[in-house]
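Sequences and hints are given; from them, build the entire structure.
In the order they appear, the protein sequences are chains A and B.
When we follow this note's numbering, the leftmost residue of the first sequence carries the number 22, and every step to the right adds one.
When we follow this note's numbering, the leftmost residue of the second sequence carries the number 108, and every step to the right adds one.
Not one of these hints is a red herring.
Listed next, the in silico DSS-like pairs over lysine-lysine satisfying Cα-Cα at most 25 Å (straight line):
| # | chain 1 | residue 1 | chain 2 | residue 2 |
| --- | --- | --- | --- | --- |
| 1 | A | Lys89 | B | Lys196 |
| 2 | B | Lys155 | A | Lys89 |
| 3 | B | Lys226 | B | Lys196 |
| 4 | B | Lys301 | B | Lys156 |
| 5 | A | Lys89 | B | Lys301 |
| 6 | A | Lys141 | A | Lys35 |
| 7 | A | Lys89 | B | Lys226 |
| 8 | A | Lys89 | B | Lys224 |
| 9 | A | Lys89 | B | Lys156 |
| 10 | A | Lys35 | A | Lys140 |
Pairwise CB distance ranges (calculated):
| # | chain 1 | residue 1 | chain 2 | residue 2 | range |
| --- | --- | --- | --- | --- | --- |
| 11 | A | Glu90 | B | Glu206 | 27 to 33 Å |
| 12 | A | Thr26 | B | Arg144 | 56 to 62 Å |
| 13 | B | Ser261 | A | Glu74 | 28 to 34 Å |
| 14 | B | Lys196 | A | Gln55 | 42 to 48 Å |
These are calculated hints, taken from the structure and not from any lab test.
Where a beta carbon is used, it is the ideal one built from N, C-alpha and C, also for glycine.
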Amino acid sequence: MFGWTLSRLPLSAKVFCTLVFAGIGLGCLAAFTQAATAIGLSASDVAASLAPEMPMTHMGHGQMSAEKELDIGQLSSAAKVWIRTPLLIQTSHTHLFGQTLIAGLLGLIFLFSSVGEWKKAVILALPFVGTMLDIGGMWLTRFAWPSFAVLVTIGGSTFALGYCLIAVISLYELWLKQEAHP
Amino acid sequence: MKQRRIIIALIQAFWLVVGGGVALAHVTPPVVLISDRDAVLAMTAGAKKFFVREVRLTPNEREALRQQRGWQPDEDFYRFYLGRDDAGKLVTAVMFLTEVTIHGPVRVAVGLGPDGKVKDAKVVELSEETFPWLKPLIDLDFTRDYVARDSRASFGLSQRVEQMHLESMPLFYAQIVASLIQRAALLFDLTLLKRDGKI
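This is the structure in structure tokens:
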């Protein structure tokens, strides 16, 4: 881009890019750990936290009350987090802004890599697409069908894959790739 | 040279926006103090059998709560966990209620006796942000002040909480917890005691 490539950046710019990747990588690890401990990583964990609460008594639509015996073991002994609609709205707007800006910063650096245009376009798009799948999946899980929870997992993985590809390729070009001098 | 300046300015501008975005993208993680099972077991001591009763409010009941108590129930249904003795008599009904605030959710478990009076109440979940505000009150077991109150009682802050001269945020969240306890008492009264009297 503009005749610049990552391998030809001045030292200060290389340090800047490297620290950006390191910071975002650590942030991703922290986010992963928080998601794993607070909600869980499997689609069923996500569905359990996001899907609307269903009656345990098979109370039909329009029925005013129902009762059934309960095995106390059915109640969760684990600390469980339920994401309700107001929290989903809050999470969506902060994550859409935050993740899109992070994806933008990653993409901005990656624009200067010497990877071919098509590959660059696809890899650069991964964190953006992952963010949209992630947040979109949360809304679909809550309001359309709990099985859409799988989209949240796929979205998170897509974001992570995009970050890894961008970081690895960029760091290689920043520090290891030898630019052929004309 | 001009191109280089443009690129550097572009990167700096983007970094500023990212900094602002990250500051805004601040979602405090939840703090779960006790699991549902542990809360139900702790509040239903003496119960031999457990039941779950789910109730829907009629439009009239919703309107009555809104007009008389200033609370607009928004859940499709409400759930009670009922602990009964060997003879099938209710020992305690436990209900979980949540208020989602700007600082995250506050979830409370409330145990009610067969007469509709509060037997116990515990904060079960809150956010990392609200936790420091409520911790001194939780340590004080402030929900104990609402024991023996029913749906007709006042659920304002107790004298001992007021005497602590707390900041505004702990007082605000103490009032939210008290309101949730009151809502549980109201729902028990409305849907279990008044509706058919069969509990």
